[in-house]
Amino acid sequence: MNTIECMEVFVEVAKGLSFSKAAERLGTSRSAITKKIAWLEAEFETQLLNRNTKRVSLTESGAVLLQNADLLAHAVKNLKDLVRSPVQRPSGRIRVGSPPSFGAVHLAPAVQAFLQTYPEVQVSLLIDDGRGDLIAENMDLSLRIAPRLRNSNQIAYKIAMVPQLLVATRQYLDAHGRPRRPKDLEQHNCLIHQLKAATGHWQFTGADGELHSVHVRGDFNANLGEAILRLAKGHHGISMHPSYMVDEDIRNGSLEVLLPDYRCEALDIYAIVQSKRYQPFKVRLFVDHLRGWFQAQDWSREAGRSSQARR
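Residue numbering for the sequence shown is 1 to 311, as defined by the UniProt record's numbering.
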């Protein structure tokens, strides 16, 4: 057997501590995985994994091998990609995590365009609310949409910036009044996104460049923007959303833009990857494609048009 290939199999088993999951990810049988692990243990003359019918765990030797085999496996894969890239189109599967609505509405068209350009690549799109573990869930990359990354140790590529808009329905505003300045929001029912405003503060920049931070409160919060938007459209309160989520509602009059003279805190879209150094060629291509795709959307211009339309 091939030592490098068996070490790659070992890494998959060791990460998930499961022969069955490794077989599924690698598209092979559990028995084939077992044979390669057994061959590798014979090659190194030591037991690498403890296993029984219920669980798999690393031995001390297995932990040492994992620490080094992971780097070697990525290095070999990266070298293959570099050697093949000038003469061979990228191929294989890319596993991508994304917030659900963004993935369905905005990421899916970008993926379709990528697959049309590189038909030998397959993409698996997975729901990720920003708290997933890329390695444990075997994702190549995940998109995160936030004012800033919570974990500064993450390996991230900024691919776009998205403005946010403060919105409510005319029915809510007629019943509760229209805020004229950020501080007025303290008297309103504000619908808060738990991940994008974890501390309950909304930030605005005035025309003079002054920063305004307001501690807002309300009777509903969620980590799902669609749920917050649904309540806002149901006349229940004021909410803040990326412009791409509310542009259509603003254009058709379902929602009004509030505080047009103040700019809401923008969101950045990041592509989080497992490794900057050992990044597969197809993943690098995909990240570059997303950067070009989303920067071409020009959400800032659309947000400006929406705000002007509601003044």
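No lab work stands behind these hints: they were computed from the structure.
Heads up, some of the hints might be wrong.
Said to hold, decoys possible - With a cut-off of at most 25 Å between alpha-carbon atoms, the simulated BS3-like pairs for lysine-lysine come out as follows: (1) LYS183 <-> LYS158; (2) LYS54 <-> LYS15; (3) LYS183 <-> LYS196; (4) LYS196 <-> LYS233; (5) LYS35 <-> LYS21; (6) LYS35 <-> LYS15; (7) LYS158 <-> LYS233; (8) LYS21 <-> LYS54; (9) LYS158 <-> LYS196.
If any of the earlier hints don't hold here, list their numbers in rising order. 1, 7
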